[in-house]
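Keeping their order, the protein sequence lines are chains B and X.
Each step along the first sequence adds one to the number in this note's numbering, with nothing skipped, and position 93 is 94.
Each step along the second sequence adds one to the number in this note's numbering, with nothing skipped, and position 95 is 96.
Source of the hints: derived by calculation from the structure; they are not laboratory data.
None of the values given here were measured: they were computed from a predicted structure.
Be aware that one or more of the hints could be misleading.
One copy or two, either will do: identical chains are not told apart, so a pair holds if it fits within one copy or between any two.
DSBU-like cross-link-like pairs, simulated, lysine-lysine; straight-line CA separation at most 35 Å [to be verified]:
#1 K19 to K126
#2 K26 to K169
#3 K26 to K4
#4 K126 to K26
#5 K92 to K208
#6 K92 to K19
#7 K26 to K92
Protein chains: 2
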Amino acid sequence: MIKAVLFDLDDTLYPSSKLAEAARKNAIRAMIEAGLDVDLTEEELYEELQEIVREFGSNHPRHFNLLLRRIGRDPDPKLVAAAVVAYHDTKFAYLKPYPDVIPTLMKLREMGLKLGVVTSGLAVKQWEKLIRLGLHHFFHTVIISEEIGVEKPHPRIFLEAARRLKVKPEECVFVGDRPDRDIRGANRVGMVTVRIRKGRYRDREPKNEEEVPDFEISRPGELLDVVRRLLRESEGDGKD
Amino acid sequence: MIKAVLFDLDDTLYPSSKLAEAARKNAIRAMIEAGLDVDLTEEELYEELQEIVREFGSNHPRHFNLLLRRIGRDPDPKLVAAAVVAYHDTKFAYLKPYPDVIPTLMKLREMGLKLGVVTSGLAVKQWEKLIRLGLHHFFHTVIISEEIGVEKPHPRIFLEAARRLKVKPEECVFVGDRPDRDIRGANRVGMVTVRIRKGRYRDREPKNEEEVPDFEISRPGELLDVVRRLLRESEGDGKD
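If we strip away everything but chain B, and leave its shape as in the complex, we get:
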């Protein structure tokens, strides 16, 4: 019997990859407008920036300083500020849930299900996203890897979510975009897994059995059919 639905956050509830790409590209344009004079194209500068993000992590606080150093420039504070302003303005413009997220969460709550978020990242940053997305009131629990000390796919973070909602792992549906983190981790603790084909992992195929989800959806609204079917099936079980 399904009693709870757990969600990954980035690329599962809002277009995180698209946001990051647009924000970084606008930041680069803003640096050029503010006077960055360089032989590289916008696209080449973007590639350099992507490499910095890969090397130093997406939460490093000084990507634009590093970019200027990397292309042999002093980190001119005017250029850095222009990039920061463009990055933030773009981020806030894109920080909206996918269109069917809120009606779907509402329906799931009306069906009597507990809802949770299980996400990787810095606690304050992930909460900031939930608040800006207007989603913070929908969830009974929010679990962030920084607070637990382990990242997905570690079983502990999934088990902690079930524990906080007072349900068993097998009573949980887990919805996420990443086969390697979300699906693998939730499969290992016995949750029902739903992969959403969104964001930069959209076309990534499962590498092994553990990464194969029980269901696949292409937008959050389709989750309702999955959950209804699971509930019907368990009713059927009950009657047997």
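Place chain X on chain B using the hints.
Frame of chain B, contents of chain X only:
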């Protein structure tokens, strides 16, 4: 002969004190709304926060964490995020120049004067404000204490502004709100000083001769009369 006008930034070109007060009060309200359960009133929490700002400086990155610790709470990331979101949203709403700033700067440029900003703080943060205020294109130079290594009223930061604009200090008008930093510093290097009665130093009286300005104004637009008068006087001098 006046050839340049230099401006302090915070509380001289936009309502910095009002912004900080509104942003901090809204941050406290947001923490209470997000579930902060405490015996202190909003006003008392604001006083605690003000004390943190005085003790740790306005550029400390974790005021809201410190506030929670100070009142004996764990720094719950949900509460911190709620405060951060409210603080930033309020900040952006208030980050507008005083209504007559842009027409005044435009007129001063049309009069053939060089314009500069001389401000204390972190370089990227001060540039971010100028960009968000839409003022970054108006100035021929921007000098930020972090880049020079001294704060106002140190003479070096004022002399550097004159040097960059290729004018003598006595050819500069300096406009600022703080008698102890702006007026004293600019007086000492022989600039013409204009005190603007704005922000939290509005009612502070000069403590000594060095803090007494040549002119006082209550809004930026009044600067035009001062500058016109100075230009007329120096024309008079020329004819003598």
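Check each numbered hint against the structure and report the violated ones by number, ascending.
Numbers 2 and 3 - these are the hints that the structure violates, sorted from lowest upward.
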